[in-house]
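Please model the complete structure; the sequences and the hints are all you need to start from.
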Amino acid sequence: MPEQLVFAMEVVLNGLMAGVLYALVALGFVLIYKASGIFNYAQGVMALFAAMTLVGIMQGQVPFAHLINATFGLHVTHFGWQIPGFIAILLTMAVMVLLAWLVQTFIMRHLIGQEPIILFMATIGLAYFLEGVADLMWGSEIKTLDVGLPQGINLWIDERTFNIFGYGFFIDNLDIVATIIAALLVAALVAFSQYTKQGRAMRAVADDHQAALSVGISLNFIWVLVWSVAGFVALVAGIMWGTKSGVQFSLSLIALKALPVLMLGGFTSIPGAIVGGLIIGVGEKLFEFAIGPLVGGATENWFAYVLALIFLVFRPQGLFGEKIIERV
Amino acid sequence: MFYREAGDFKTSYVDDSQTFPIKFDRYRYYVVLVVAFGIIPFIINDYWANAILLPFLIYAIAAIGLNVLVGYCGQVSLGTGGFMAVGAYACYKLMTAFPEVSMFIHVILAGGITAAVGVLFGLPSLRIKGFYLAVATLAAQFFLVWLFNRVPWFYNYSASGQINAPERDTFGILITGPNASAWATYMFCLIFLTLSAIIARNLTRGTIGRSWMAIRDMDIAAEIIGVNPLKAKLSAFAVSSFFVGISGALFFALYLGAVEVGEAFGIQKSFLVLFMVIIGGLGSIFGSFAGAAFLVLLPVVLKVVGADMLGWPTDIVAHLNLVIVGALIIIFLVLEPHGLAQLWRVAKEKLRLWPFPH
Numbered sequence: 001m002p003e004q005l006v007f008a009m010e011v012v013l014n015g016l017m018a019g020v021l022y023a024l025v026a027l028g029f030v031l032i033y034k035a036s037g038i039f040n041y042a043q044g045v046m047a048l049f050a051a052m053t054l055v056g057i058m059q060g061q062v063p064f065a066h067l068i069n070a071t072f073g074l075h076v077t078h079f080g081w082q083i084p085g086f087i088a089i090l091l092t093m094a095v096m097v098l099l100a101w102l103v104q105t106f107i108m109r110h111l112i113g114q115e116p117i118i119l120f121m122a123t124i125g126l127a128y129f130l131e132g133v134a135d136l137m138w139g140s141e142i143k144t145l146d147v148g149l150p151q152g153i154n155l156w157i158d159e160r161t162f163n164i165f166g167y168g169f170f171i172d173n174l175d176i177v178a179t180i181i182a183a184l185l186v187a188a189l190v191a192f193s194q195y196t197k198q199g200r201a202m203r204a205v206a207d208d209h210q211a212a213l214s215v216g217i218s219l220n221f222i223w224v225l226v227w228s229v230a231g232f233v234a235l236v237a238g239i240m241w242g243t244k245s246g247v248q249f250s251l252s253l254i255a256l257k258a259l260p261v262l263m264l265g266g267f268t269s270i271p272g273a274i275v276g277g278l279i280i281g282v283g284e285k286l287f288e289f290a291i292g293p294l295v296g297g298a299t300e301n302w303f304a305y306v307l308a309l310i311f312l313v314f315r316p317q318g319l320f321g322e323k324i325i326e327r328v
Numbered sequence: 329m330f331y332r333e334a335g336d337f338k339t340s341y342v343d344d345s346q347t348f349p350i351k352f353d354r355y356r357y358y359v360v361l362v363v364a365f366g367i368i369p370f371i372i373n374d375y376w377a378n379a380i381l382l383p384f385l386i387y388a389i390a391a392i393g394l395n396v397l398v399g400y401c402g403q404v405s406l407g408t409g410g411f412m413a414v415g416a417y418a419c420y421k422l423m424t425a426f427p428e429v430s431m432f433i434h435v436i437l438a439g440g441i442t443a444a445v446g447v448l449f450g451l452p453s454l455r456i457k458g459f460y461l462a463v464a465t466l467a468a469q470f471f472l473v474w475l476f477n478r479v480p481w482f483y484n485y486s487a488s489g490q491i492n493a494p495e496r497d498t499f500g501i502l503i504t505g506p507n508a509s510a511w512a513t514y515m516f517c518l519i520f521l522t523l524s525a526i527i528a529r530n531l532t533r534g535t536i537g538r539s540w541m542a543i544r545d546m547d548i549a550a551e552i553i554g555v556n557p558l559k560a561k562l563s564a565f566a567v568s569s570f571f572v573g574i575s576g577a578l579f580f581a582l583y584l585g586a587v588e589v590g591e592a593f594g595i596q597k598s599f600l601v602l603f604m605v606i607i608g609g610l611g612s613i614f615g616s617f618a619g620a621a622f623l624v625l626l627p628v629v630l631k632v633v634g635a636d637m638l639g640w641p642t643d644i645v646a647h648l649n650l651v652i653v654g655a656l657i658i659i660f661l662v663l664e665p666h667g668l669a670q671l672w673r674v675a676k677e678k679l680r681l682w683p684f685p686h
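Top line first, the protein sequences correspond to chains A and B.
Note that this note's numbering gives residue 173 to position 173 of the first sequence, counting from 1, and the numbers run on in steps of one.
Every position in the second sequence, counted from 1, becomes a number in this note's numbering once 328 is added.
Because the hints were derived from the structure by calculation, they are not lab data.
Computed from a predicted model, the values in this text were never measured in an experiment.
The reader is advised that the hints may include incorrect statements.
Said to hold, decoys possible - Not close to chain B: a few residues of chain A, all C-beta gaps over 12 Å, as computed:
1. 83
2. 164
3. 196
To be verified - So these bits of chain B aren't anywhere near chain A, every CB distance computed over 10 Å:
4. 334
5. 533
6. 556
What the hints assert, rightly or not - Covered stretches of chain B (in silico footprint by chain A; criterion: 3 or more residues with CB under 8 Å from a CB of chain A, positions within the stretch not fixed):
7. 443 to 456
8. 461 to 469
9. 511 to 518
10. 590 to 602
We put the beta carbon where it would ideally sit given N, CA and C, even for glycine.
Structure (structure tokens):
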């Protein structure tokens, strides 16, 4: 087998894995957009916030320590205890639910009936706010997150591929775990929205707000629920990305990576988010591998957007999006 | 008492169609012009120019440009930073290629080049709408920034990858480079801002502006009554990018002097200008000024109050800055989704009747 082809195969595999992580972020967007028509720009910052909170709780950091110290002249940093990962994840989830409730009560409830662009801007405001709060609460330095996920090269795949192709593929264990978790997450979400009462209510709200209201579904509750689920997805994405590249500001930029995924897959489709993520992941890695060196590299910054843009010109609602019907 | 139409008789069509039909408003406008052109240049110093006035003037131009696109034509764009970068790099290439030509011409040409690029990236708007378009314009943002970072021709093969504004003058007065005086740069930006505002204001109340607004309100209906969506949308992209390009050129040549494209014209800039437009008020030229003033002043005020007066560490002030900006945006949207311009309109309405309640 020619060497280039083997390299390309490795690139495709890695692209698929990266695509899963993009899809994970895109999923959070889709959930909120479907249920409330809000395009939640803050999803990336929510992932950052969740990851920082998780690290903070695990290490027993005192929230707002820096601010307290500066105001009262104290020197507190840590409570002095360590909390195991599993319990910390549950506590973080509680924080995310609280956040969902706060967002719904203090922001989104007052903006019902506004134009989509206004709602979108509100979520950008929320993104700024959360970013500032996260930094104030836990400090802005880069943190490492370790909840016990395996990391490093997968030797089994390395060995197997070496035997077949004479070249060992480099596949990160973490990517494999992320893929499995993402698959489980999607299965759980689908099961939740198909087979539980709340899940059905969520889909009803997504379908038609007024009809849902008229059969007695509380919109307020459903929106809190949706934001909580999005917070949960953000937490999972935050754990994956945080373990991979450290918990830092750039984590919130994964939202920007997820946007072309959304465009490609359609804003309203969960399978679309996954397929879109995979296409973008493979596409940008292959493009960087094949064309990147010719034009100076770092094409990953824009390739996904241009791909999505070209695609949209031919199919404006994305791959799986609902057909846009316009009437006067 | 103020803003009364009473006693102000219009006797000709010209009178009837002037920009400020109310006498009080007109005089207020003249007073602002006199202060801006006649008083501030004589009392300006470097701190005021660099910290407040220059960014305000330049962002106001950018906000007017974006307001044409978002507020009047309804096409949401997140590519403002990228288009500003086009203006800046076009200006840089022109400045270095034709050193003897006046800066006025360079800046206007830079705007023209940006308009052409804007039309190119506006083409998808004919097919894509709403959020899909907003995200599609991000393609322009990332692609343009990447282009200016990676293609050495744009930064004249300089080793640092930065572009530095050489010293250039207009009518014999030095306006770029470190030795330019504050009043000269201020006046240069002010002239561009005034011209931009007048042009934008008159475009938006003429035929073309009406076709933009028709497209914004409902594009299919507009098409049925005979508005050409191709012409309306692309002209909005062209006009908007023209202003944004001018502001980018000024931002680089007069305000910063040296630019690293990812830092100066990143995605944050796009959001900042969009915030100005939304906080100021969509579809209002005055709103662009108000929004730019608000978001330029806010960090300065926070820094003065937090770091200088209360003595907090600067990183806490920076984080608080984020929190406060975010919270203010949300509060504004909740209380007054139509922005500062709407507050101003309400205030005018109240002032008209004041001191009587009805």
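Just double-check residue 556(B) for me: nearest Cβ-Cβ distance to chain A has to come out over 10 Å. Given that every Cβ of chain A is farther than 10 Å from that of residue 556(B), nearest at about 17 Å, it holds.
Nearest-CB test (12 Å) between chain B and residue 196(A): Nearest chain B Cβ is 29 Å from residue 196(A), so the label holds.
Closer than 8 Å Cβ to Cβ for three or more residues is the test here. Does the region 461 to 469 of chain B pass it with chain A? holds (count 5)
So is residue 164(A) really clear of chain B, every C-beta pair being over 12 Å apart? Answer for residue 164(A): holds, closest chain B Cβ roughly 37 Å.
8 Å C-beta test of the region 511 to 518 of chain B against chain A, three or more residues: n = 0 at 8 Å, threshold three: violated.
Closer than 8 Å, Cβ to Cβ, for at least three residues: run that test on the region 443 to 456 of chain B against chain A and report holds or violated. Since 3 is at least three, the answer is holds.
Holds or violated: is the Cβ of residue 533(B) farther than 10 Å from all Cβ atoms of chain A? 23 Å, holds
When I compare C-beta atoms, does the region 590 to 602 of chain B have three or more residues closer than 8 Å to chain A? It holds: at least three residues are needed, and the region 590 to 602 of chain B offers 3 whose Cβ sits within less than 8 Å of chain A.
Does the claim that residue 83(A) lies off the interface hold, with its Cβ farther than 12 Å from every Cβ of chain B? Residue 83(A) is indeed farther than 12 Å from all Cβ atoms of chain B, at 25 Å.
Examine each Cβ of chain A, and state whether all of them lie more than 10 Å from the Cβ of residue 334(B). 36 Å, holds
Hint 9 from the list above is the single one not met by this structure.
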